[in-house]
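S.K.: For the protein sequence lines, the chains are X and W, in the order given.
According to the numbering used here, the first sequence is numbered sequentially starting from 1.
According to the numbering used here, the second sequence is numbered sequentially starting from 1001.
Simulated from the structure, these hints should not be mistaken for lab results.
Keep in mind that the hints are not guaranteed to be accurate.
[What the hints assert, rightly or not] Cross-link-like lysine-lysine pairs, in silico, DSSO-like; alpha carbons within 30 Å at most: (1) X:K182 / W:K1307; (2) W:K1242 / W:K1269; (3) X:K119 / W:K1269; (4) X:K176 / W:K1012; (5) X:K182 / W:K1176; (6) X:K58 / X:K89.
Below, each chain spelled out in residue letters.
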Amino acid sequence: MAKRHEEEHPRKAFGWAARDSSGLLSPFHFSRRETGEKDVRFKVLYCGICHSDLHMVKNEWGSSTYPLVPGHEIVGVVTEVGSKVQKFKVGDKVGVGCMVGACRSCDSCANDLENYCPKMILTYSATYYDGTTTYGGYSDVMVAEEHFVVRIPDNLPLDAGAPLLCAGITVYSPLKYFGLDKPGLHVGIVGLGGLGHVAVKFAKAMGVKVTVISTSPNKKKEAIEHLGADSFLVSRDQDEMKAAMSTMDGIIDTVSAVHPLLPLICLLKPHGKLVMVGAPEKPLELPVFPLLIGRKIVAGSGIGGMKETQEMIDFAAKHNITSDVEVIPVDYVNTAMERLLKSDVRYRFVIDIANTLKPPSS
Amino acid sequence: MTKSPEEEHPRKAFGWAARDSSGILSPFNFSRRENGDDDVTIKILYCGVCHSDLHCAKNEWGFTNYPVVPGHEIVGIVTKTGKNVTKFKEGDQVGVGVLVGSCRKCECCQQDLENYCPRCIFTYSATYHDGTKTYGGYSNMVVVDQHFVLQFPDNLPPDSGAPLLCAGITVYSPMKYYGMTEPGKHLGVAGLGGLGHIAVKFGKAFGLKVTVISSSPSKKNEAIDRLGADAFLLSSDPAQIKAALGTMDFIIDTVSAVHPLAPLLALLKLNGKLITVGLPNKPLELPIFPLAMGRRLVGGSNFGGLKETQEMLDFCANHNITSDIELIRMEDINTAYERLAKSDVRYRFVIDVENSLSQ
């Protein structure tokens, strides 16, 4: 049985995988496909730990296939390219995010919205075109079709840049799509974690006034002095929230726990937009009155297409925007997951794959 | 000592009012203000019965100011105009809808969105600029600032056109604002009542494909044969819902009872919009996954500004769109309310005020 994963494909690979819904990760020998004519093969240097990785290793969404190698904030250096690859060459710094495939023929794909393709293939725990399971970036090597690889500009640090591949695009895409990227607008960011802190940086770079909304008063200093937010609201402080009513053009809500929407809807000006990018696993309560009275909307958004992901990376490079990271060795990953569960990280763990992921000597 | 409704203003008026949260209406003597410089006095011919009238008469939203004379789908004839009034003259056929006042200065008012003005004044059960209560259209006459009076097109029947003043604008406005006017797009209309049946008519006039989504199988023939909808989806049939997944660009949700949003969201395509115009009295459950997976949104909309209401009336006149109504006498209003509570009307009651309201 153990040999099956090692023999599935012709080229050896090594990583860490969860075997069951305990979510505990451990060394895992497996294999990757040969570099196809449109494929890019790269040595993984860093991989960010996304909260989705934690949900998936524990099968919290019910869709996990084990053994599961997580990781969809993957950066590295190209070692091989297929014969039809045009955009990349050996030595290039590249990244792969949440997707490694899509149908490429539907309306969404035609509009550079592969993330909304009904046949989109996730970077891990999904089924590839060849029927095999996809494995993510907690591994030494990655192979992906050129279309799903992005170039990392030279001036973007690879470790601090890795989380942009999921966290970054997840907040960048709705800021653009919902028109919250215009200088002078006032945008609220709910939740100051992996997504939230990057959202603050992007919004500031876009010239937007930013208010961080959080349950933790002790994040205020951080938000304002370190991240550059213009103001900070403690969501449990009714007076503060009341004073800020009808002041925001939009809100990006990164909170994945169940939480009340009414106070956030009230913060919006008339015609304001509340965009949900966190993924609570239970439905939230939607009060309809305030939506009608102010002609407001509640919308969702999920990652972004490949074209926009590249645009986001280039924007980040131009404005020197990276994630705030805690770089860890791979054998710390289970502890990191425990800390992540308690939001005890400022603000993304990134695994130093190149220096710490080594097969145990047999 | 506050004056009685009869003595509050100098001009006698007569109507039917609810006195308490039983919502039962009965004859009511009151008074209207003198016709000011900017005012228009209107002899009321017809008044539509909106479901909001029922909610308000029974204090279901908690802020009813009794006695309440409901009615905000008013059509009548001008009998007097103030000296500053330029848009109307005696004898004109006019309409009054949901608002009779607003601050006229805020950003919303400046943008012809008086309906979103934080100080907008409702046609009934609200407080006017002079501190007195507003009384609605279940009455013989009303005095309104010209800004809040609409020209009622000649070729629009005043009885079946009356409901356009609330039901009509309530669906027209979001259809315009949320971009539901592109021919060929697919609109779902959830709920086939006073709002829904007009949304179907507007949808067809905009060149949309229209699917009615309803929990009542008996409405299918009606929806398709009479109202011209292209398709009918029974919301309680999982197989029908499944077959229609991801097929609609927009849904206008007119349902005012608490209902699940998840099946409606699933009907939307990528970037699809679910616009709610009904007013359930409790929050709805909103699952976030379908929002994020398809970049869908849930939006609200609340009737419309005066400029847009006029535009809507003119649109209806051009396209011969009116409401399907059941004309009733004033004294039948309580029975009508009972039937309305059970949605037993196709699709709006309209009170023949001129011919049935007498002291």
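S.K.: Could you run down the list of hints and mark each one as holding or not?
M.R.: Going down the list of hints, with the structure as the test:
no.	hint	result
1	X:K182 / W:K1307	holds, 29 Å
2	W:K1242 / W:K1269	holds, 13 Å
3	X:K119 / W:K1269	holds, 15 Å
4	X:K176 / W:K1012	violated, 58 Å
5	X:K182 / W:K1176	holds, 24 Å
6	X:K58 / X:K89	violated, 37 Å
Consistency with the previously given hints fails for numbers 4 and 6, ordered from lowest to highest.
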